[in-house]
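2 protein chains.
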Amino acid sequence: MRDFLPQDKLKRERLIATVVESYIARGFQQIETPVLEDLGRLTSGQGGDNEKLVFKVQKRGEEFTQALEQGEELADLGLRFDLTVPLTRFYASNHSKLPRVFKAIQTGPVFRAERPQKGRYRQFIQCDIDIIGDDSILAELELLSASLAALEAIGVTDATIRVNHRELLRSNIEALGISASDSQAAMIIIDKLDKIGIEGVAKELGEKFGEAIQNSAQAWLTSIDVKNIPAVLQPIWDGLGVKAKSLRFDPTLVRGMGYYTGTIFEIEHPGSGSSIGGGGRYDGMVGKWLGTDAPAVGISLGVERIVDLIPDSKATSESVVLILEENAQAVAMQLQQQLIASGMQVRLEQRPKNLKALLEQLGENGYAKFAIVSATTSDAAELDFKQIG
Amino acid sequence: MRDFLPQDKLKRERLIATVVESYIARGFQQIETPVLEDLGRLTSGQGGDNEKLVFKVQKRGEEFTQALEQGEELADLGLRFDLTVPLTRFYASNHSKLPRVFKAIQTGPVFRAERPQKGRYRQFIQCDIDIIGDDSILAELELLSASLAALEAIGVTDATIRVNHRELLRSNIEALGISASDSQAAMIIIDKLDKIGIEGVAKELGEKFGEAIQNSAQAWLTSIDVKNIPAVLQPIWDGLGVKAKSLRFDPTLVRGMGYYTGTIFEIEHPGSGSSIGGGGRYDGMVGKWLGTDAPAVGISLGVERIVDLIPDSKATSESVVLILEENAQAVAMQLQQQLIASGMQVRLEQRPKNLKALLEQLGENGYAKFAIVSATTSDAAELDFKQIG
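Those sequence lines, one after another, are chains F and Y.
First residue of the first sequence? That's -5 in the working numbering, and the numbers climb one at a time after it.
First residue of the second sequence? That's -5 in the working numbering, and the numbers climb one at a time after it.
Derived by calculation from the structure, the hints in this document are not laboratory data.
It is possible that part of the hints are untrue.
Since the list can't tell identical chains apart, any single copy or any two copies may satisfy a pair.
[Stated by the list, open to error] In silico lysine-lysine, PhoX-like type, Cα no more than 25 Å apart, as pairs:
hint, residue 1, residue 2
1, K350, K91
2, K197, K186
3, K46, K221
4, K112, K91
Bound-form chain F, shown alone:
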């Protein structure tokens, strides 16, 4: 878990605000769910491996004492590991107050009790959009178009979205000679393609399901034609029009989560070693809490990775420093108000004994202009602004 210093925080906040603004322009609406959810819900089998990484929150007071005495579960709450499980719970709780087709924006911290390592954090921000209640391809189109527009808005223009469909993947796996019940296990192996290559995947599939499978897998993986977009995905290419050049069909794309039922996406960027976002259709999950099924599809941007792709933030308005001589507080308060009203950012500093050291430090912190304020200054027009350094 990390502290964010002012410069980093500014960059992150601007990035998130721009993404959210871009989503709002497309009719998506922000919602918020609590950081804590019932532990039972977080470990109900929807979250795959992430369920093992839940930070558990202890019961309180007598409930804790009792649970400890009776050897029962000591925790009743957990920190959410993603924003999708909370969203589906939110939709089940609140659907009567929401539009029939609900288009949600969520940004907020999620938590995973991973061993600290480069690029993995125990607290990180997710930035998700989801559409619940639309089973048509329009939902996919809106998510992909909105994601590309959001990335463009923050200056990330050369992202590619890999697209696949879980049913296609399943039928490809069956065509290799692997039974439907082994499909999930085969996907876990195929998901390693980036790391172990075609030979490696074919070998592992062979070891698990027999030598014949190794050959059929090898043949399939070497013959893949990403230009041959299947009919079920063609409307996405057609619908995105000129932006479709940012799509790439990838019949081997798996996406880890068990809950996906249809289209799946993963966003890549040449400047990032790993994916900068992803998502897919999860039509069965809302029904788990709601009782009746509701179609749903979502996409998530990885803020931690995207933030590294864009240049540092610059100040948006002119920043100046007023350095106060003794007894100049009241005057400085008025001047500050006056300068802010004219669109400036105004930092106040007491005049220290070592003015030079202060100016150096302010220069290092990005300030370029200062003026001295004395108790007799009566108007901002009297200020004599000088360059720092």
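On the provided structure of chain F, position chain Y as indicated by the hints.
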């Protein structure tokens, strides 16, 4: 803990963004600390009663098993109960990379394991500014002026800030005949003034410290002159100038937290039954982690209470709905882009069998205009926008 539906979330986000923007204009800088902190730090005696309300996070893996077997503490992390303890820890960790006088903005969720009751939440947002490294009254002036400006920016114009000083309060308590070592206990009783009145406070002080104290307390509390601003606070009134009319000296103001060492503030508003913010100087706290003392003063706005004082948010840009006939997706994607570029918010909907029901529902959700898009529409100029309802 609560879900926030789109309308509420929008209002909260706008409020927070406006407050932060107003602080940034005054040279404050946003930072962020993790939601989780070491449990030991959260329960080290700095947080008063809030320390009893920490949500504890269980150790993981073998560490947990071992702790359970050996009857040791089962938790190692906790959810922060305020933003002040994390800020002082942040400053101690990062002070070498920060300006000599550090002016921080923090907004984020804090957590308290309270029994759910009206107006108290287990997760809520705090919005704090703090100045570390300035022991002069300029720091107080900046906080008070920035808070009043932020409230004004969100349309809350008639707030009053009650001001007192812990040392004044202590000397007043000693003047009643209560020994310095009983000062803290006396403060807890004086803090009930709003609830039990002068008679009640005098009586409780008498019961605790002797009958003579009841009389001296009664005399003190009935003779209080809020116009008689003490010398130590006068520079605040002088420095704020015309805005000083929003200040009120209150020699009975206590503020609960044990860590305050100097000025204390509480923000009131006629529309709110309880305070909408508060803070004070806590010069001893940073030193606890840093080793050497650093003067510090902060003020916090209560977002949950302020949000009730302002009217609901209206859409900032024109929102329209495009309703798509069959096969109009690709066309709609282009039209949406075109309309967004002209400054609109554009929601897409498939044309359902029951168009009337959809339009009614859109109207209830605040949309006022729609147009039908067919596969042959080729430009936004062709769209025939109609009023909803």
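We went through each hint and held it up to the structure:
| no. | hint | result |
| --- | --- | --- |
| 1 | K350 / K91 | between (60 Å within a copy, 18 Å between copies) |
| 2 | K197 / K186 | within (12 Å within a copy, 75 Å between copies) |
| 3 | K46 / K221 | neither (38 Å within a copy, 62 Å between copies) |
| 4 | K112 / K91 | between (42 Å within a copy, 22 Å between copies) |
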